[in-house]
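The lines below spell out each chain.
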Amino acid sequence: MIQAYLGVDVGSVSTNLVIISELGQLLASKYMRTNGRPIQTVQEGIQALGQEAASQIEIIGCGTTGSARYLTSMIIGADVVKNEITAHAIAASHEIEDVRTIIEIGGQDSKIIILQDGIVTDFAMNTVCAAGTGSFLDQQASRLCIPIEEFGGYAAKATNPVRIAGRCAVFAESDMIHKQQLGYNLEDIVAGLCEALVRNYMNNVGKGKEIMAPVVFQGGVAANQGLVRAFKKYLGFEVVVPPYHDVMGAIGAAYLAREAVKRKGRTGFKGFNLENINFRTTSFECRGCSNACEVVQFFENNNLIARWGDRCGKWELQVG
Amino acid sequence: MYTVGIPRSLAYFFFLPLWKTFITELGHEVIESPPTSRAILDRGVKEAVNDACIPIKLYHGHAAHLAENCDFLFCPRLVSVRKHGDFGSETFCPKFLGLPDMVRLALKDLPPLIDTRIDLKQPGGGSQEAAGEIGLRLGNSPAQVKRALRLGMAAQGYFHRLCQQGILADDALQAVFNGEKIYPPQSHGQDITIAVVGYPYAIYDPYINAGLLKILQQQGVRIVTQDMLSDRELNRQDSKLPKTLFWYFSNRAVYGGLHFMSDRQVDGIIHVTAFACGPDSMVDRLLEIEAKRHATPYLPIAVDEHTGEAGVRTRVEAFLDMLRYKRRRR
Ligand code: SF4
Ligand code: SF4
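Those protein sequence lines, which keep their order, are chains H and Y. Its first residue numbered 15, the first sequence is counted upward by one per residue in the working numbering. Its first residue numbered 6, the second sequence is counted upward by one per residue in the working numbering.
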């Protein structure tokens, strides 16, 4: 049996699970769509990992991150619950020594993290504006009828990227259509879109930040070679895309679990067999005052184990 | 005797001791709108002009909530409270100057507004005159006004003294009016000190900032704010700037930020900034540049009508991690 650590990153778009060894080698990983059902997705993911790995691997620590990190921690019995910024920073600094800048672009949000000597010194996060996130490319790809996976290939063939104007996804889209009508070729338009996204990211999330090398580019979008090129062109130096760029948050959570278990001694991991446990949430609208909070209750086999969503603390309940 | 409504927004969080004491001592009843709720926010967003900042929209919601239940709505035209700045020309943000007009135009079925102009930067101040005007509206004699103003000022002074002992403004307000005994916050179990700066109506309204102060307290943070500093401490910072800003609350936020940047006890600064606030586009940038210069960790948190608890919590947790890792490293 190999002793190993599990990290789970549950965001609004994707759910990622990884298992790493004591030395940080990636032993298994899963990338799944959350599809608005985090509980089921996590249960399925854990079970799938169990089928692959349970016979050779013993989980001795587990951690969660992402926007559903608290919920997920109750499902799996996590030893540590960490925000995405810290998790990404931990993962990247294990991957590239002395990393100074992390560019992370996910489906619905994007972040920038500045580090010095292995610790975070500044960060910013964007969750409001789509123009600097992966969903911007997704949208334009479907408008151009190109599968997003092929986006990078098109961009690579561009000889003269078109300048797509607009700081906002809506304007960029209309400008792109305009450029299409003017007869620019698809490759140059695709490359132009990548450059527009980079500019938007830099003006929005990267605003006022001093970007120094080594730069790590991670998140699902980093698979897109067109974007990697656009970042290089904008910054004027190399950007590193780590091999497991799409599951870095989960890797960070696993590293943090390794630390946490050293402190607390043993793991709270509930095991790979979650199919016998029934997790569910119900919600009700509180009539206590005019806030009309949507209060969520979380059950494990009919035991109420947590409640949240109330603004006043009236329903607060957190067990364990 | 009249019933006078005071909306729980904007300068409420700073001048309530004076206002409420003054009006009560004149023999009238003060009613305040309840703490911000979804319903109040929605109402404000609906009624106010579209491009107003979120605090102004919120004010409309609070004013609308009170409208039916009071004889007068207290909505003074706050122009200035001191002679300050490069030409002695500091005022409140322009939106405060136009507040009574905005409210009157946006809301129907309002009771009469007490929209007395408060402009104390002129020679001789003018608080007596302003108080006299309000008294006249409410049918009080000059002698009553004089006495009520004195008591109001005393209450305001007491409020500031409590804040300067390190008590958060909302607790201090409780203490002023309900005589609740407040102990200065204990430093027990708190390993990090964070200065929260920004407009009082952004910092002390837990609805609009998604419970920022509570989240910080739960995470073992000692909170200090610019309102815990005396005017003297704040104004001293002015010499560090090439030019004073034009707006009262903005200057307080900037001075507070600058003060805490050179306070070794403070580990980091959070600036709560209001979405679509004109002055904040300067205030935030100024604080960001200065924080970098002082090597002080700095986190801006922009609040708007969609501010969610999750977003604030994630940023705060990451910020605290950053500060704690840094400390461990030292
Ligand atoms: S949970 Fe609290 S704040 Fe929310 S509606 Fe009920 S009483 Fe009001
Ligand atoms: S200072 Fe900013 S937030 Fe305050 S009233 Fe003026 S514009 Fe609005």
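Calculated directly from the structure, the hints in this document are not laboratory data. By construction, the Cβ of each residue, glycine as well, lies at the ideal position given by its N, Cα and C atoms. Please note that the accuracy of each hint is not assured.
[What the hints assert, rightly or not] Straight-line alpha carbon distances no greater than 16 Å define the calculated EDC-like cross-link-like pairs of lysine to aspartate or glutamate that follow:
1) H/K223 with Y/E293
2) Y/K88 with Y/D243
3) Y/K331 with H/D131
4) Y/K219 with Y/E322
5) H/K276 with H/E36
6) Y/K100 with Y/D124
7) Y/K219 with H/D324
8) Y/K186 with Y/D196
9) Y/K219 with H/E330
10) Y/K113 with Y/E30
11) H/K221 with Y/E293
12) Y/K51 with Y/E295
13) Y/K297 with H/D324
14) Y/K126 with Y/D91
15) Y/K100 with Y/D120
16) H/K223 with Y/E295
17) H/K328 with H/E299
18) Y/K151 with Y/D243
[Claimed, not checked] Among the chain H residues that face chain Y by a calculated CB cut under 10 Å, a handful are:
19) S81
20) E98
21) A103
22) D131
23) G132
24) L196
25) R301
26) N305
27) A306
28) Q311
[To be verified] Among chain Y residues calculated to face chain H with C-beta under 10 Å, some are:
29) P116
30) P117
31) K219
32) R290
33) I294
34) P302
35) Y303
36) E314
37) A315
38) V321
39) E322
40) F324
Here is how each hint holds up against the structure:
Straight-line distance between C-alpha atoms of H/K223 and Y/E293 comes to about 10 Å, which keeps the hinted pair within the 16 Å bound. For the hint linking Y/K88 to Y/D243, the alpha-carbon distance of about 14 Å falls within 16 Å, and the restraint holds. Straight-line distance between C-alpha atoms of Y/K331 and H/D131 comes to about 10 Å, which keeps the hinted pair within the 16 Å bound. With a CA separation close to 13 Å, the supplied pair Y/K219 and Y/E322 stays within the 16 Å bound.
Restraint check for H/K276 and H/E36: satisfied, since their Cα atoms lie roughly 11 Å apart, inside the 16 Å limit. A C-alpha spacing of about 15 Å is found between Y/K100 and Y/D124, which places the hinted pair at or below 16 Å, so the restraint holds. With a C-alpha separation of about 13 Å, the suggested pair Y/K219 and H/D324 falls inside the 16 Å cut-off, and the hint holds. In summary, the hint linking Y/K186 to Y/D196 is not supported, as the alpha carbons are separated by about 25 Å, beyond the 16 Å threshold.
Among the hinted pairs, Y/K219 with H/E330 is consistent with the structure: their alpha-carbon atoms are about 14 Å apart, no more than 16 Å. Under the criterion of a C-alpha separation no larger than 16 Å, the hint pairing Y/K113 with Y/E30 is inconsistent with the structure, at around 30 Å. For the hint pairing H/K221 with Y/E293, the CA-to-CA distance comes to about 11 Å; that is within 16 Å, so the pair holds. Among the hinted pairs, Y/K51 with Y/E295 is inconsistent with the structure: their alpha-carbon atoms are about 37 Å apart, more than 16 Å.
Using a Cα cut-off of 16 Å, the hinted pair Y/K297 and H/D324 is violated, with the two alpha carbons roughly 37 Å apart. Restraint check: the Cα-Cα separation between Y/K126 and Y/D91 comes to about 13 Å, which is no more than 16 Å; the hinted pair holds. Between Y/K100 and Y/D120 the alpha-carbon distance is near 14 Å, which keeps this suggested pair within the 16 Å criterion. Under the criterion of a C-alpha separation no larger than 16 Å, the hint pairing H/K223 with Y/E295 is consistent with the structure, at around 14 Å.
Note on H/K328 and H/E299: the hinted pairing holds, with a Cα-Cα distance of about 13 Å set against a maximum of 16 Å. The hinted pair formed by Y/K151 and Y/D243 fails the criterion: a straight-line CA distance of about 34 Å is larger than 16 Å. Nearest Cβ of chain Y to the Cβ of H/S81: about 6 Å, under the 10 Å cut. The hint holds. Hint status for H/E98 relative to chain Y: holds, with the closest Cβ pair at about 7 Å, below 10 Å.
A cut of 10 Å between beta carbons decides the hint on H/A103: the least distance to chain Y is about 9 Å, and the hint holds. Look at H/D131: its Cβ gets to within about 7 Å of chain Y, closer than 10 Å, so that hint holds up. Of the supplied interface hints, the one on H/G132 holds, with its beta-carbon coming within about 8 Å of a beta-carbon of chain Y, less than 10 Å. A least Cβ separation of about 34 Å between H/L196 and chain Y goes past the 10 Å threshold, and the interface hint is therefore violated.
The criterion of a C-beta within 10 Å of any C-beta in chain Y is not met by H/R301, whose closest approach is roughly 12 Å, and the hint is violated. With a least beta-carbon distance of about 4 Å to chain Y, the hint placing H/N305 at the interface is held under the 10 Å criterion. Because the beta carbon of H/A306 sits about 6 Å from the nearest beta carbon in chain Y, less than 10 Å, this interface hint is met. The interface hint given for H/Q311 is violated, since its Cβ lies 17 Å from the closest Cβ of chain Y, which is over the 10 Å cut-off.
Taking 10 Å as the C-beta cut-off, the interface hint given for Y/P116 is violated, the closest approach to chain H being about 21 Å. Interface hint status for Y/P117: violated, as the beta-carbon distance to the closest one in chain H is roughly 26 Å, over 10 Å. With its C-beta approaching chain H no nearer than about 8 Å, Y/K219 sits inside the 10 Å limit, and its interface hint holds. This hint holds: Y/R290 has a C-beta 8 Å from the nearest C-beta of chain H, less than the 10 Å allowed.
The beta carbon of Y/I294 comes within 8 Å of a beta carbon in chain H, closer than 10 Å, and the hint placing it at the interface holds. With 10 Å as the threshold, the beta carbon of Y/P302 comes within range of chain H, its nearest partner Cβ sitting at about 7 Å, so the hint holds. Among the interface hints, the one on Y/Y303 holds; its C-beta lies about 8 Å from the nearest C-beta in chain H, closer than the 10 Å criterion. Satisfaction of the interface hint for Y/E314 is found here, the shortest Cβ-Cβ separation to chain H being roughly 8 Å, below the 10 Å cut-off.
With a cut of 10 Å, the hint placing Y/A315 at the interface with chain H holds, because the nearest CB-to-CB distance is about 6 Å. Checking Y/V321 against chain H by beta carbon gives a least distance of about 9 Å; that is within 10 Å, so the hint holds. Annotation: interface hint on Y/E322 holds; nearest CB of chain H at approximately 4 Å, less than 10 Å. Checking Y/F324 against chain H: minimum C-beta separation of about 8 Å stays under 10 Å; hint holds.
Going down the numbered hints, you'll see the structure goes against 8, 10, 12, 13, 18, 24, 25, 28, 29 and 30, while the others check out.
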